[in-house]
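*Asks:* With these hints in hand, go ahead and build the complete structure from the sequences.
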Amino acid sequence: HMAKHIETLDLSFLAETAPVCSLSAVLALRPLSNLRRLAKGLHIPNTSKLRKADLIQAVIEALEIPERLEELLYILEKPSWDFFRTLAAEGPLRFGEQQSTGRCRLLEALGYIQPFLWEEQYIYVLPDEIKALFQSLADDGFPAQKKQADLIHDCATAAVHLYGVIQQDDFFSLLRAQTSLKLLPDEIFQVLFRHIVIQDGYCLWKDYLLDDRFEENNFDDVADLLEQTRSKPRYVPAPKEFLRYADWRYYEPTIYTQNLLRFLMREAEQSASIAADTVSEIVNAAMMNSGVPLMVGILDDYGVDLTDEQFDSLMKLLVDVSSHTRTWANNGHTSAEIASMSRSAAEVHKKKPGRNDPCPCGSGLKYKKCCGR
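Number 853 in our numbering belongs to position 80 of the sequence shown; there are no gaps in the numbering.
Any given hint could turn out to be false.
Claimed, not checked - Mimicking DSS-like on lysine-lysine, the simulated pairs with C-alpha atoms at most 30 Å apart in a straight line are:
hint: 1; residue 1: K851; residue 2: K904
hint: 2; residue 1: K851; residue 2: K919
hint: 3; residue 1: K904; residue 2: K920
hint: 4; residue 1: K825; residue 2: K851
hint: 5; residue 1: K904; residue 2: K825
hint: 6; residue 1: K1005; residue 2: K955
hint: 7; residue 1: K919; residue 2: K979
hint: 8; residue 1: K1013; residue 2: K920
hint: 9; residue 1: K919; residue 2: K813
hint: 10; residue 1: K851; residue 2: K1013
hint: 11; residue 1: K920; residue 2: K851
hint: 12; residue 1: K979; residue 2: K955
hint: 13; residue 1: K1005; residue 2: K851
hint: 14; residue 1: K813; residue 2: K825
hint: 15; residue 1: K1013; residue 2: K955
hint: 16; residue 1: K919; residue 2: K955
hint: 17; residue 1: K1005; residue 2: K1089
hint: 18; residue 1: K955; residue 2: K813
hint: 19; residue 1: K919; residue 2: K1005
Unchecked claim - If you anchor each label on the Cβ, the simulated ranges turn out as follows:
hint: 20; residue 1: A1109; residue 2: A905; range: 53 to 59 Å
hint: 21; residue 1: A905; residue 2: D973; range: 25 to 31 Å
hint: 22; residue 1: Q963; residue 2: S806; range: 19 to 25 Å
hint: 23; residue 1: E789; residue 2: P852; range: 45 to 51 Å
hint: 24; residue 1: S1046; residue 2: S873; range: 15 to 21 Å
hint: 25; residue 1: N990; residue 2: L956; range: 30 to 36 Å
hint: 26; residue 1: E834; residue 2: E1014; range: 44 to 50 Å
hint: 27; residue 1: V1065; residue 2: Y895; range: 25 to 31 Å
hint: 28; residue 1: A1045; residue 2: D1078; range: 14 to 20 Å
hint: 29; residue 1: G875; residue 2: T790; range: 23 to 29 Å
hint: 30; residue 1: E850; residue 2: E1025; range: 18 to 24 Å
hint: 31; residue 1: E840; residue 2: Q1083; range: 58 to 64 Å
hint: 32; residue 1: K825; residue 2: E1014; range: 24 to 30 Å
hint: 33; residue 1: E1014; residue 2: S1046; range: 21 to 27 Å
Hints are computed from structural coordinates only; laboratory data are not their basis. Remember, it's a predicted structure, so these values are computed and weren't measured experimentally. The beta-carbon is built from N, C-alpha and C at its ideal position, and this holds for glycine as well.
*Replies:* As structure tokens, this is what we get:
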């Protein structure tokens, strides 16, 4: 819960002085008011009357708790985690401009990482005590544990991105199939809860893992989606393709998305990057079965202005994209795939079985011994 709590506190501090590397020297640079807010963020009790030296010591003791750093490192996204590990191995790190270090900013706010501005360079320091603490975690196998936890989180993100809603037991089976991890549900839930607390895109409700946007209307839309998917098989891509959905911006590129992209660049005179953003938003709307009118609204938001003839061509492109986008309502399949399955099933049903074929009623007898008499 600390990560969420810290977001409400203004703890940022850039030291405009020569870098120092001990935790006590780093914290001594902070004003007393900042240290008091930091102590509050770390849930250190009874610090309101401490003098600065005693307050610094209390903060140091809190920062040197291994489990606290471990929990913060678990929620770091890959770029932030890579930055932290590089800082631990090679730091201090020097840059010509201030770095956007993602969730490492949380570690900066808490004093685990200290940014300096000195001689026109931004210098990032991991204090010596924190380096030693991290080395101890690394010696105990933390990087491998984080790699496993990140894989679980990526699979959860991919599942809700692709399906919207999935039963927890189905997710556990999917996780085993996609990763070969053999974990107990409690071990999986421990990972999921870390990310749910900081609102990382998914949540738990009843016995489902689902996109946290369902919370916005108290999960009222979940029943409708479950009804839509009830009789449809689940699309399960190969592991490499499945994990691409851990990126919320990812969608499966098709000839139809490429056609729309080219149209927007050529006819609507959008730049390549703006056209890519437009297509991404349109596909995201299609994934949630939002309909062509909402897609047209997205184009209006991007200022797309077309002639009647161009608009007719665009509408065909939008219908094609909608029909060939993997949607929540189709359990990850496209509408075109579901239609094809229905046609195939109908053709099989129409074909009269041979006398020695299994009876289609499901009795297990040959057709000639059952319904074919």
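*Asks:* State the violated hints by number, sorted upward, taking the hints as numbered earlier in the document.
*Replies:* Hints 4, 13, 18, 19, 22, 23, 27 and 32 are the ones this structure does not satisfy, whereas the remaining hints hold.
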